[in-house]
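A.B. asks: Residue numbers (numbering that gives the first Met the number 0), protein chains in the order written: chain A, 0 to 363; chain B, 0 to 253.
Calculated from the structure, these hints are not laboratory results.
Positions of the beta carbon are idealized from the N, C-alpha and C atoms, including for glycine.
One or more hints might be untrue.
To be verified - Label pairs and their in silico Cβ distance ranges:
(1) Val-7/A <-> Gly-162/B: 15 to 25 angstroms
(2) Met-192/B <-> Pro-291/A: 53 to 63 angstroms
(3) Cys-109/B <-> Arg-276/A: 28 to 38 angstroms
(4) Val-211/B <-> Leu-198/A: 32 to 42 angstroms
(5) Asp-206/B <-> Pro-283/A: 42 to 52 angstroms
(6) Met-192/B <-> Leu-198/A: 27 to 37 angstroms
(7) Asn-10/B <-> Lys-1/A: 51 to 61 angstroms
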Amino acid sequence: MKTVKSFVAMVKASLKMFMRNKGTIVFSLLLPMVMLSVFGFLSSNSGPAIRLAITNHSTTEMAAEFEKELVQVGAFSIETLSEAEAADALGKGHVDLHVIVPERFGEMKDGRPVPEQIETRFNNGKPQGAQIANLVISQIVNSLDRKFTGNAPMLSIKTTGVTVNDLGYFDFVLPGILAMTIMQLGIFSVAFSFVAWKLNGALRRIQATPIHPFQFVLAQAVVRLIVVIMTATVLVGFGAWFFDFHMMGSYIDFALVCIIGALIFLGVGFSIAGWAREETQVAPVANLVQLPLLLLSGIFFPAEVFPKWLQSITNFLPLTYVVDAMRKIANEGTSLWELPGDLLGMCVWMAVTYTIAVKLFRWE
Amino acid sequence: MSSTIVLQVENLVKTYDNGVEAVKGVSFHVKRGEVFGILGPNGAGKTTTLEMIEGLRPITSGTIILDGINAVQHPYKIKERIGIQLQSSSFFQNLRLNELIEMFAALYGCKVDPLKLLDDVGLKDKARAMVKELSGGQKQRFSIATTLVNNPVVVFLDEPTTGLDPQARRNLWELIGQIRERGTTVVLTTHYMDEAQSLCDRIAIMDDGKIVALDSPGQLIRQLLARGFTPRTEVHAATLEDVFLDLTGKTLRD
């Protein structure tokens with residue numbers, strides 16, 4: 000009971016210390032939020048793929064119907080512009096295709112539309128979007144033609160929409176940034192403060208009390224885990240609220256992966272803290288560990304872009320297991336227990352880092 | 000346990016892995032309620048001796064009985080009963096004095112009134128300050144305050160006045176006197192002979208890992224004079240420090 004009370008007091012005091020350190024708050028919350036925002040805006044701006052400008056000179060029912068059908072095509076973003084404005088926008092590359100509906104389009108004569116042509120202009124430099132748009136437009140025109148002439152189509156396509164997970168780059172990158180933040184929090188927050196405490200004698204002062212030193216280390220780990228869970232909650236909430244992040248799987252499984260990941264990198268932090276004899280040794284070694292992981296673990300882009308031989312290494316990195324498990328849970332709704340490979344990988348890394356930490360750790 | 004001897008050290012030896020013998024068979028005892036000083040030049044083994052008693056450094060051989068408890072077998076029981084001021088201990092940044100006192104009390108499973116304790120060491124108005132904002136003397140007084148949270152039987156102070164100005168030093172002497180009046184035994188190390196002379200009931204002089212003399216300061220001086228010693232300079236009725244304090248006053252400069 001007494002031990003529990005001392006432990007709680009230690010966690011409380013350490014949490015206070017941690018929260019008053021502006022640097023860690025910036026690195027564990029603000030910076031990842033800024034990164035998320037940047038990636039969020041980047042991925043939402045790519046939005047509707049094909050930009051159309053429409054100039055409608057006709058007032059007929061068919062012309063109105065044509066415009067309505069165009070607007071319904073999800074892949075288009077449509078602006079109504081005058082011919083001159085549209086030509087300018089096309090020239091500047093703000094628009095992919097300019098659609099001009101002539102004045103007599105859709106006028107009826109003897110129950111049939113008068114022959115007319117819809118004109119489309121596109122930028123020769125970027126034809127891809129325009130070609131697709133042209134196909135869609137001719138499809139609409141054909142169906143209007145049939146509708147207004149009453150001819151039944153002989154051949155047609157039946158399409159059924161299937162709801163798939165509407166996942167974008169943001170859904171991919173959020174677990175990546177969260178995993179990165181957890182890694183940095185684990186390594187840096189522990190390594191820097193322990194080396195400082197080791198050097199200035201604060202650790203020795205704790206040893207002079209009846210508390211077992213291991214309890215102090217544990218309290219520090221608990222504080223970091225609390226901060227990790229807080230960070231994960233804020234980042235996932237932030238992503239969901241502002242950038243439509245999808246969490247397909249269980250929040251508990253996701254949180255578990257965050258905690259396991261944090262434990263692995265706390266082990267790395269304790270190893271560095273135990274080994275370093277000066278504060279200046281911490282940053283280079285910590286970066287030597289974290290930078291390759293950052294680049295090779297598929298944080299910002301999928302690791303599939305790497306050559307096969309490199310993947311056979313990167314697949315076994317600790318951060319790869321963490322971020323993969325996070326993505327499988329968040330993006331695909333997989334449960335943690337369906338990911339035995341990632342679980343095993345994480346457990347092995349945890350065993351490795353703590354073996355090293357115990358070997359290297361010194362109190363003075 | 001209220002025998003008159005609170006700490007008994009017998010044949011304490013510390014040999015480091017590299018073969019250096021830091022402490023070569025030290026024996027002494029400390030009486031309950033006294034101020035006991037360990038004097039000696041740098042590297043004499045003072046700090047190592049203290050750290051072995053405090054349970055901070057494993058001993059090579061010997062016995063240590065503190066308050067009736069075998070310190071070698073039960074280091075954690077000992078730590079509960081003593082207060083330790085380390086030679087150069089820093090505290091955690093980003094915590095206020097009152098928070099640090101509360102935390103240390105909790106580590107001992109005790110509850111204290113931080114303001115009362117800080118008042119005792121003259122730091123009540125600094126309760127909401129951080130350690131880095133304190134002067135050298137204030138830091139030492141705060142450091143001593145943290146050793147008192149568990150109402151210890153013995154307080155160990157390792158060079159408590161090193162690096163302080165004469166005013167702060169005198170002020171700390173008063174504080175140590177107050178601790179003694181509470182009935183707490185004080186064991187301290189120092190380089191300053193005037194300090195030992197005015198503070199300590201008994202002193203042990205260590206050199207090269209051994210105790211070369213152990214008695215009350217007055218007795219040691221009498222023994223020396225009895226051996227026919229004459230001081231090199233003529234003895235003044237006052238010292239330079241008296242002049243300094245007369246000119247600059249005894250008010251604390253923190």
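A.B. asks: For each hint, tell me whether it holds in the structure or not.
C.D. replies: The hints, checked one at a time:
Checked against the given bound of 15 to 25 angstroms, the beta carbons of Val-7/A and Gly-162/B, roughly 36 angstroms apart, lie outside it. Under the hint 53 to 63 angstroms, the C-beta atoms of Met-192/B and Pro-291/A, about 59 angstroms apart, fit the expected range. About 35 angstroms separates the C-beta atoms of Cys-109/B and Arg-276/A, a value consistent with the hinted range of 28 to 38 angstroms. Hint check: Val-211/B to Leu-198/A, Cβ distance near 34 angstroms, so the stated range 32 to 42 angstroms holds.
Checked against the hint of 42 to 52 angstroms, the C-beta distance between Asp-206/B and Pro-283/A comes to roughly 44 angstroms, which is consistent with it. Between Met-192/B and Leu-198/A the CB atoms are about 32 angstroms apart, so this pair conforms to the stated range of 27 to 37 angstroms. Take Asn-10/B and Lys-1/A: their Cβ atoms lie about 34 angstroms apart, and the range 51 to 61 angstroms is violated.
The structure shown violates the earlier hints numbered 1 and 7.
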